[in-house]
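J.: Chain residues, written in single-letter form:
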Amino acid sequence: MKRDSLFLIGRRLLQAAPVVMGIIVVTFILTRALPGDPAVFFAGPAADEKSIAEIRASLGLDKSWPEQFWVYLQNLAHGDLGKSISTGQPVIEELATRLPASLELTFMGLFLAVAIAIPLGILAATRPNSLIDHLCRLVVTIGVSLPTFFTGLFLVYIFYFLLGLSPAPLGRLGIIHIAPDHVTGFYLIDSLIAGDLEVFRASFSQMILPASTLGIFALAPLARMTRAAMLGVLSSDFVRTARASGLSRRTVLWVYAFQNAILPVLTTLGMVFSFLLGANVLVEKVFAWPGIGSFAIEALIASDYAAVQGFVLAMALMYVLLNLAIDILYTVVDPRIGLEG
Amino acid sequence: MKAHMQHLRYVMGENPVTFFSFILFFLLMALGLFGPWIAPYDPLASDTANALKPPTWAHPFGTDNLGRDVFSRVITATRLDLAISVAAVSLSFVAGSVAGVCAGYFGGVTDKLISRLTDTIMAFPLFVLAMGIVSALGNTIENIVYTTAVINFPFYARVARAEANSRREAGFVEAARLSGNGHGRILLFHMGPNIMPPMMVQISLNMGYAILNAAGLSFIGLGVRPPTPEWGIMVAEGAKFIVSGEWWLAIFPGAALMLAVLCFNLLGDGLRDLIDPRMRT
Amino acid sequence: MESRNPLLVVEDLSLEFRTRTGVVKALENVSFQIEKGQTVGVVGESGSGKSVMSYAIMGISDPAARITSGRIVFGGISLFEKSQQELQEMRGRELSMIFQSPRTALNPIRTIGRQLEDVIYRHSSFRGRQIRARALDLLNQVRIPDPEKRYRAYPFELSGGMCQRVMIAIAISSNPWLLIADEPVTGLDVTTQAVIMDLIQDAARERNMGTILITHDLGLAAEYCDKIIVMHSGHVVEVADTEHLFMRPRHPYTAKLIGATPNASRDLAELSSIPGNLPDLRAELPACRYSERCERFARDCLESPLPRLGTGAGHLVACRYPL
Ligand SMILES: Nc1ncnc2c1ncn2[C@@H]1O[C@H](COP(=O)(O)OP(=O)(O)OP(=O)(O)O)[C@@H](O)[C@H]1O
Ligand code: SF4
Ligand SMILES: [Mg+2]
Chain D
16 MKRDSLFLIG RRLLQAAPVV MGIIVVTFIL TRALPGDPAV FFAGPAADEK SIAEIRASLG
76 LDKSWPEQFW VYLQNLAHGD LGKSISTGQP VIEELATRLP ASLELTFMGL FLAVAIAIPL
136 GILAATRPNS LIDHLCRLVV TIGVSLPTFF TGLFLVYIFY FLLGLSPAPL GRLGIIHIAP
196 DHVTGFYLID SLIAGDLEVF RASFSQMILP ASTLGIFALA PLARMTRAAM LGVLSSDFVR
256 TARASGLSRR TVLWVYAFQN AILPVLTTLG MVFSFLLGAN VLVEKVFAWP GIGSFAIEAL
316 IASDYAAVQG FVLAMALMYV LLNLAIDILY TVVDPRIGLE G
Chain S
-7 MKAHMQHLRY VMGENPVTFF SFILFFLLMA LGLFGPWIAP YDPLASDTAN ALKPPTWAHP
53 FGTDNLGRDV FSRVITATRL DLAISVAAVS LSFVAGSVAG VCAGYFGGVT DKLISRLTDT
113 IMAFPLFVLA MGIVSALGNT IENIVYTTAV INFPFYARVA RAEANSRREA GFVEAARLSG
173 NGHGRILLFH MGPNIMPPMM VQISLNMGYA ILNAAGLSFI GLGVRPPTPE WGIMVAEGAK
233 FIVSGEWWLA IFPGAALMLA VLCFNLLGDG LRDLIDPRMR T
Chain W
14 MESRNPLLVV EDLSLEFRTR TGVVKALENV SFQIEKGQTV GVVGESGSGK SVMSYAIMGI
74 SDPAARITSG RIVFGGISLF EKSQQELQEM RGRELSMIFQ SPRTALNPIR TIGRQLEDVI
134 YRHSSFRGRQ IRARALDLLN QVRIPDPEKR YRAYPFELSG GMCQRVMIAI AISSNPWLLI
194 ADEPVTGLDV TTQAVIMDLI QDAARERNMG TILITHDLGL AAEYCDKIIV MHSGHVVEVA
254 DTEHLFMRPR HPYTAKLIGA TPNASRDLAE LSSIPGNLPD LRAELPACRY SERCERFARD
314 CLESPLPRLG TGAGHLVACR YPL
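Residue numbers (the working numbering), protein chains in the order written: chain D, 16 to 356; chain S, -7 to 273; chain W, 14 to 336.
With the rest of the complex left out, here is chain D:
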């Protein structure tokens, strides 16, 4: 079984290759193969003739497309995504320094969503047409219709302006606190490593509103899927068998029903993550969160071309990675997987 799993995981990795290739081709098209002169784009609005010519040469834009693509691939292999015009730094470094802020926020949002959506979906499925079922449906319907930036501003108004419970929506830490020493880049973890509970508390309270905003956004699809999957499984033959063999309600619900229902939820999680990576950009703007989303917005407004495309590529690769992780998890949880593929 163990070796089978490894084999399956290896095969899954191979299957990801064409997807990654597709992503690279699309970003290449977005960066090079456009109408107009990419060199002008890359040089930015303030560039003169000379710097444009330099950039053209350095990007190899005087060469044929296949050659350019080859150069592009080589640059990628070296982690070279070009330079950001607004900051003058290599794009990859800019992204790397900001990535932890975004990831910490996204994971926190996802965690909140999962922590609420799954119990909610299960309760709704085990008590059809009860109050909690109706609540679940309401949450699902409203949840998918809420624009993230609107939710965020609404929460700020309530919890910061009216109730004064939250700090001002201005980034990861208030000015009176100093960021903990960089270990993981996640403030919550780094502050614990440094043993600084005060900073932990402060960064937690900064994070709670933006994370909730993302959480509310991700809640709906997850709760919907959990409910549907659980309903399906609860009326399945094998749950009937489990009940007929007198297994306790708890065993039937958790070991038999839930473990099967979690599989489609896992698949939904991938899709939700895709939405979250997009929503993250909006939430970062609302809360002045210094992550890669804010960076990308600034770059977009400043026509900082390399920075935006670097951002798109990085996000897409991250999404591929996450999907891979989910698939691998799936392979481990579901013994049937090998047969179908």
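Worth double-checking, as some hints may not be accurate.
A few chain W positions that, by computed beta-carbon distances, are all more than 12 Å from chain D [said to hold, decoys possible]:
| id | residue |
| --- | --- |
| 1 | 19 |
| 2 | 48 |
| 3 | 75 |
| 4 | 76 |
| 5 | 82 |
| 6 | 83 |
| 7 | 145 |
| 8 | 172 |
These stretches of chain W come out as covered by chain D in the derived footprint (C-beta under 8 Å, 3 or more residues) [claimed, not checked]:
| id | region |
| --- | --- |
| 9 | 95 to 105 |
| 10 | 108 to 114 |
| 11 | 131 to 144 |
| 12 | 175 to 187 |
Worth flagging that the hints you see were computed from the coordinates, not collected in a lab.
The beta carbon of each residue, even a glycine, is placed where N, CA and C say it ideally should be.
With the hints as your guide, set chains S and W with the ligands onto chain D.
T.: Frame of chain D; chains S and W with the ligands shown alone:
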């Protein structure tokens, strides 16, 4: 047809929510068509003496930092927001249907190519891809429309492909082929009408997403430029004032946006129940 | 034949489902009884309420189900007076059930060994290694070849026949008094059918276990059952010893069933030669639910109560003009 109407009435009666969404839909359409005439004030006229006033009878949604009437701006914005998403959804519907039906009907290489294309688009976080495309094409309203169309394309292509695929061997297609119809005729007159119902469901489910997406892009400063009234950009402009308590600037356009999206989502659910009651969850 | 303390008595059982489209009267005044060690067949067309009845006995009816009258007495105890908790503990220990389509009746992502262990853990005092030993012993009893290896297999890795053996192992793990087998061999090939039926019969004999065998296959019922209950649209229309029933069916429906299966081994499911449809169980129904299809129909067949005639030796028929 009569059975359809009966079923429609049944769904409506059973489900007051669907009824509510129909009302909302007609309201939105009315605002989209007649908004500029309904709005009590000129959405662009500033009146600095009356800036940042909270809601009153004269200005039910208050006034913004330039003294413009928020109510009039929210109403006028309906047309632009709907126009962007309707245009985008129409584009992806047409392109997606054609591509999907061809993929499903012809199979083989056509299918492989089109599937690879949709898979590649879906491999990106869609909003992020939208940002990348807008930055590459240039920051204009038309490009927002094209971009939104591109990221919604896979949904239509996939539905159309699945439908066409399952009907490829169906009796009526076979009969049409035997009676000497060319591929073009079969696709247009025999496949086309048959894939419409699921595609309609897809449209109404997708419309809300398209609106959210376009508004999201303008919220981060792409596409629509101030002072044009548009919900996303109005929320963005009002965001600055939330922390000082002038909530009406951002909340009203945000709420309008939410209601519009809610309306299409509910319609989509209702339509799905109508067309295929088994898909209910 | 009727003893003083039967294993199971079902008396006047009526059950309905409240659904959005109306109340489905799935069972009405169902009565019969089973002795220890007896094998009783339940036959009838699809939709006649065989499964609904067995779920009611097991206490695993759909939440939409309401029992509107009657009682079920098992081993001298009335089941409806038991708490949910007590019923749960009886299931799998004193009352067991196996189902049609064994491959979907087992948890797809749990090894069969674990599923067997779950039930043993629940109902016995075995712990630790003993559980595994007992589970392997059970797999041996149902003659699964190479049980050590099969122990770690998932249901999808086994054939339907193998899965049904596992189901039987689970069902008999606590030596229950009653086993309900709901179409246990439908969908299996003929040789496997015989093997599975023999397994069930042997297990029942060894334990002096009562068995309810629900089937579409009259031949199967004739071969393995001591007594047969004929159901139609939620009614028990005839109960008799197997020999009596086949020699001298009294209810027109039974006669049709037997007449329609000449070699007594054809499957009722593929049999469409009984004219007319099953009545819609949501409508107002006449006293005799077979009346629309019956050749002996007379006006007073619609009047309740329909006589329940005892014609000696435990042969009961619910009909106004029996054959
Ligand atoms: N949960 C339910 N809700 C409503 N009606 C139900 C439900 N379960 C069963 N019924 C109805 O009860 C009747 C008896 O069903 P049942 O499954 O017992 O038939 P059966 O004799 O087992 O048939 P088969 O041979 O096909 O298994 C059917 O008319 C069925 O539609
Ligand atoms: S009661 Fe009348 S209608 Fe019903 S089976 Fe007997 S003879 Fe036929
Ligand atoms: Mg049944």
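J.: Please go over all the hints and tell whether each is borne out by the structure.
T.: Hint check:
1. 19: holds, 22 Å
2. 48: Per Cβ check, residue 48 of chain W is outside 12 Å of chain D; nearest 23 Å; holds.
3. 75: Violated: least Cβ distance 9 Å, not greater than 12 Å.
4. 76: Residue 76 of chain W not clear of chain D: closest Cβ-Cβ about 8 Å, inside 12 Å.
5. 82: holds, 24 Å
6. 83: With a cut-off of 12 Å, residue 83 of chain W remains clear of chain D, as the shortest Cβ separation is near 21 Å.
7. 145: holds, 18 Å
8. 172: Since the minimum Cβ distance to chain D is about 14 Å, residue 172 of chain W lies beyond 12 Å and the statement holds.
9. 95 to 105: holds (count 5)
10. 108 to 114: Check passed, 4 qualifying residues.
11. 131 to 144: Coverage by chain D holds here, the residue count being 4 at a Cβ distance below 8 Å.
12. 175 to 187: holds (count 3)
Hints 3, 4 from the earlier list are contradicted by this structure; the remaining hints agree with it.
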